[in-house]
Amino acid sequence: MTFELMMFLITAVVALTGGIGMVMFKNTVHSALFLLLNFFAISVLFLLLQSPFLFAIQLTVYAGAIMVLFLFVVMLLGAERIEDTTDKLAGQRWLALVLALILLIQSVAINLITGSNEPPMQELETLALLSDPATLGAELFTTYLLPFQITGIILLVGIVGVVVLNQRVRTAQDKGQIN
Amino acid sequence: MLELIWLIPLLPFVGFLLNALLVGRIGDAHTQERSAGYVAVAAVAAAFVLALVAFVQLGNLPEEERLVNVNLWTWINAGDLVVPFGLMFDPLTGVMTLLVTGVGTLIHIYSIGYMHGDSRVVRYFAYLNLFITMMLFLVMANNMLLLFLGWEGVGLCSFLLIGYWFERKSASSAAVKAFVVNRIGDAAILLAMMTIFLQFGTLNFFDMILDGAEVIGFVENAGAVAQQIVSVPGQDFRIGTIISFLLLIGVTGKSAQIPLFVWLPDAMAGPTPVSALIHAATMVTAGVYLIARTHPIFTDTTLGLVTWIGALTALVAATAAVAQWDIKRVLAYSTVSQLGYMVAAAGMGIYVAAIFHLLTHGIFKALLFLGSGSVIHGTHDTQDMRKMGGLRTAMPYTFVTYLIGAAALAGVFPLAGFWSKDEIVGHALTHTIPIFIILFLSSLLTAFYMGRQLALVFWGEQRDHSYHAHESGAVMWVPLVILAALTVVAGGLNLPGSHWLTDWLFPVMEEEAAEFKIVLGVVATLAAIGAGFGGWYLYAVRWAKRIKVDAKDPLYRGMGDIWDTMAEAWFFDTVYNKTIVPGYRSVAGFFAQVFDPEGIDGLVNGVGRAFGWASNGVRFFQNGYVRSYALAFFLGVVVIVGYLIVAL
Amino acid sequence: MQFALTDVPRILPEILLLVLALLVLGSDVFERWANTDAARTEQHRASASLAALGLGMILIIALIQSGYVYRLPDDAPINFLTNIVRNLQNGGPASELATTPILGAFATDDLTMIGRLVVIAAAFLTVLLTYDARPTANPGEFYTLIIGSTLGMCLMAGSSELIMTFLAIELTSIPLYVLAGYFRNDRQSTEAGMKYFLFGAMSSGILLYGMSLTYGYAATAAVTQGSTGNNLTQFERIRELVAQAGEPTVLLTLGMLFLIAGIGYKVTVVPFHGWSPDVYQGAPTPITAFIATASKVASFILLFRLLTTTFPVLTGAADVIIPVEASTFTGWTSLLALLAFLTLIVGNLAALPQTNAKRLLAYSSIAHAGFLLMGLVAWSASLAMDREAGIASLLYYLVAYTVMNLGVFGVLYVVDQHTRSDEISVLNGLARRNLGLAVLFTIFVFSLAGIPPLSGFFAKFYVFMAAWQAGAEWLVIVGLITTIISLYYYLRLLRAVFIVPPDTDAPIPTPRWMATSLVLSALLVIVLGLFPNIILTIIDNVQAVAGR
Amino acid sequence: MVPISYYIMLSAALFTLGVLGVLIRRNAIVVFMSVELMLNAANLALVAFALQRGGIDGQVLVFFVITVAAAEVAVGLALLVAIFRNKRTADVDEVNQLHG
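Protein chains in written order, with my numbering: chain C, 71 to 249; chain Y, 30 to 677; chain V, 161 to 708; chain G, 1448 to 1547.
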């Protein structure tokens, strides 16, 4: 067993634990923390996959910004309370489990069918190029210029949306006199 | 001049626009009513004059050139599918146009009197003009698609006009019923159009020049293609059979034949002039026109079916007409029955006779409906014949004209109905004996129920004195007199010996004149007079005392359930309910719901309820929980992926 | 591959939309600042008129650029005006440049152009509808979001690459989530926003997973073929790689399924439709109209482009049958045929018992998605000509569908503004309360029901024809039967309008610009029905591009 | 080297976990977290495929996904806060006024 494989296995176990924990734990804060664990694990996997740049933004954006936002909202709303164990939708849980299991089996089966002929790995030279953030940056500003600009618009629209939804306006409407 | 035939449908359309947009905005209610009537009548009358001119001009052309195509613009040009917005004028279209605009004009005039004082009369005339437009599109279209536009358009106007008095619940549900039932037929026509296009690559009736290019027509080239055989698994069909079968379903809807005739009797909830125009003279004959127009595509297989459907409808409806109390329902079933004659005639391949009967029936049935309208008008909205009686003195014009119409319908020599019906019955004798027997029996019944109706309405004593009967005004009886006069002479269109109509329609139908069987003619007239007299005698003399308001018919005593069955027009659900034990309902709830006896009802509500049951099932999943939706989503994904894996 | 200066005119409508969005964002700042009703109305009108004007101008510019109405002849005299037109049209679909997508990511062919025109026109009519409405909070932002979403839809229509597809869908969706939940004090509106959002986020997860699988297949194929170059996310490249790899593997099919599911939610195809009735009912009515029309148009165009350019290998037949031989999956057409079947049945049946007019129309819009899918199913035809009929019928249907739905929701909005409800019962006696509105409503509903000569009829007829030619006869028959069923619930609406007496005879006013929007829609419904050739000739251009 | 198919299988497992979370959790915030998990699973597969191919485009796609996810999360949470103000709950099952 190579070092790399060992690293992969450990991180994979951590990632799965994070995922399972997030789904299983009744407390929202716990779920969030487990998801954070999962994000960390995935960022490590990115590193293993020769993508240091993605490793960095996975940590800063996902684990940093997004998770903090989640936790912040959980705290703000006091929504961390534990869910009832009784489900209004009878059978939803079991159906979901069965469905997820089938989905998993299906995807794994399909990967087994097709993934058997592993193509040869890339040469070191290519790998070095691939893992260089400069390559990614250059691509972003040439081939992917258009999508890059659109991302900017999406962020703008997102900001506008958030402001609209949560801006406090002192009007009659907000005091609940209308509706 | 013939290039201007597009003016014929345009004029009523202008009338419609004027009435719909302008007239409602001027003056007081009285001015509005008057101007709406004048505009509408003027528009249709002008269309009639134009149609007459066009007709004469067509007659001046040599026989082989009597087909004019006028393409206004290329309606659809999508790949292979090239359809002009085009009208045509040929002998068949010519006579149909004259019937529609001619009878239409008279009924418009009559409406001025009949609808006097109605609060929405402007809208009424707008609808009526729109109907004429659509009907003209139907008969003048030079392709299936435009014909279908007219076909749907007249259905729409019929819907609007049946439901015109929408305050009455029966009117609005009858309107919906008519529309939905017709839609079943329309779906079949759509399928037929697709098949026609796939097989012939065109929807035009005849070859023509469009945008400088030669375009073929399917009627003209039907011969060879229609006989080709296609294999549906397990069975071979001729293409013509498939197409014509689909067309036939459409015909049974629009022309009220078995099994889709149920909407027509209910449609009598509309104003009586509407019944006369739409549900007797013009719209319901569209099916017969369609068969005549596309007749080369009909194969022997379908024609046999057409004959039987027509004949059976004639009989079933005639029996139903015998057992009605409502003056208009008698005429409604009578219309269904007479349409059966036309369809049967078309089925037997004597298209000229079918059209001949269509024309004469259009005239005398319009007369009868308008007459009944005059009766209803004069008796202050009474429709139950048990409440009438003895009206011949109070309403002399109506009585005389009604008598003429009834005699024509019964087939009494020398009125129009005699000649046209005799051609059909006479041909049936050489065609198939059972058909002949059915049709002959039906004509006896026809005479009987008309005799019964005359007796009930015009003879005896007035049985209900809550109203004072009076004759209608001149604006109403003058059209009656004109129609009565036409009824007397219309037989001349195709008299034995001259057979003008056969000759005139020869370019379209290519049919030889039928041989007149004098013996049959004599027998038929005598039988009709006998049966009519019988009906009259029983109800006016023999049982006169036993007819009371809300009483059962004297015949009911002898016939009981059979009478009920007739009164319900052998309605299939009645039969179901009589023969199938109630427990059956719980087993086959679905069918019980579809064939529910009460109601619009049976069909429309039944369908609604039956599907309501299914749709509640669908709604069960739409429970408002996002998680359920997500579950359905992933269920879909998993099932599809599973299918994929199994498929591999 | 570099972005060239000549590419700027090609995405001019998009650039202008962006500029307009920014302008509108600031527009209400220049109006009176106060919390009085008058001030709020003023702010609202300022933003609405700027948005409407801008969208109208962009629509005109796009029309000039398209060259559908007028094409500048090559020998036209050179002056200021012709220079502008020529430069514009050089970026249009008829120019040489349009044959290759910008950076491989954004095609500017006829398909995009038609999508753009429809989407921008829909946005224009929606904005007109809202002009006279009760003022919304933050009008500048409201219209910015609409325009931003429109921009996303334009990008969706032209997207020819996976990254672009993902971003365009997100750009379309994010503003729509906010707009659906725009009345944040209204429980139904917020509920609609949240349902839309959760479902949308989930679907984008699915979509992305599908993308990763598709990319994975392409990557594997590229490695085995020794192909290089960083453009494996382009539809065109994936198709080439798949074609060279020979037998398509199950991995690719799986990716395709996830992609269809991910886009399927936007086009409200059963079983991916769950959110739509709730969202349509809860969202503000003009937004419902916008979601139901523009968003669906863009998604259908995207779905069409994605499936036909990326997965022509997997086309298959129009039949849903258990494959006789193992290893013959019958491809996406049979999958879509199955989905169309489900959509038609579920959409029409569920509409029957509804009592809320908006919800009823939501189901009707689901049902229409079933008819639209039939146009895609027609791609299974063996003859190129029949496939072209399929795409032409799909596009015609999309245009007709857009105008009639905008109209019918618009009428509901007018009534809603007055009565503050969208139950069917508020339509009672509309004919007496406002005859003009009732007539418009009738036109739209009859068009939805497919009554000739309105455009809805020809749209149905044409897709039926295309599907029939492609061998999906069974689907056509199902379509016809469901058309008859659908008549029942459409007539219920008309029955309310014309037959059921109203509680009050008080007239319902139709403000000027709302009326303009409705009349424009109605005119289009009628004109497109009577002269479908107007757009059929335009649609013909598409076949040359997409009909490979 | 670790075979790519290992990554793909891990990705499939994580994706399934995300789906499971969407289906069984009732707290809207957790449902949303599960969606993020689905996105991450897809990202993992993309990067793995990109490495196998030796191309950069997979990574670029992941970059965009992460960026867009940030915007989406912001809007989503804003919506959740709005609905929480109205209903005082973050339970998706309580949000079912619209149905039928």
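No lab work stands behind these hints: they were computed from the structure.
Keep in mind the model is a prediction, meaning the values are calculated, not measured.
The beta carbon of each residue, even a glycine, is placed where N, CA and C say it ideally should be.
Some hints could be false.
What follows is a set of in silico ranges between Cβ atoms, one per label pair, in the way DEER data are often shown [to be verified]:
| no. | chain 1 | residue 1 | chain 2 | residue 2 | range |
| --- | --- | --- | --- | --- | --- |
| 1 | V | Asp235 | C | Val233 | 30 to 38 Å |
| 2 | C | Leu199 | V | Asn247 | 50 to 58 Å |
| 3 | C | Ala126 | V | Glu400 | 29 to 37 Å |
| 4 | V | Met217 | Y | Glu196 | 46 to 54 Å |
| 5 | V | Ile221 | C | Asn236 | 54 to 62 Å |
| 6 | V | Asp235 | C | Ala126 | 53 to 61 Å |
| 7 | V | Pro669 | C | Asn236 | 19 to 27 Å |
Each hint tested on the structure:
no., hint, verdict
1, Asp235/V - Val233/C: 30 to 38 Å, "53 Å, violated"
2, Leu199/C - Asn247/V: 50 to 58 Å, "40 Å, violated"
3, Ala126/C - Glu400/V: 29 to 37 Å, "34 Å, holds"
4, Met217/V - Glu196/Y: 46 to 54 Å, "50 Å, holds"
5, Ile221/V - Asn236/C: 54 to 62 Å, "36 Å, violated"
6, Asp235/V - Ala126/C: 53 to 61 Å, "58 Å, holds"
7, Pro669/V - Asn236/C: 19 to 27 Å, "35 Å, violated"
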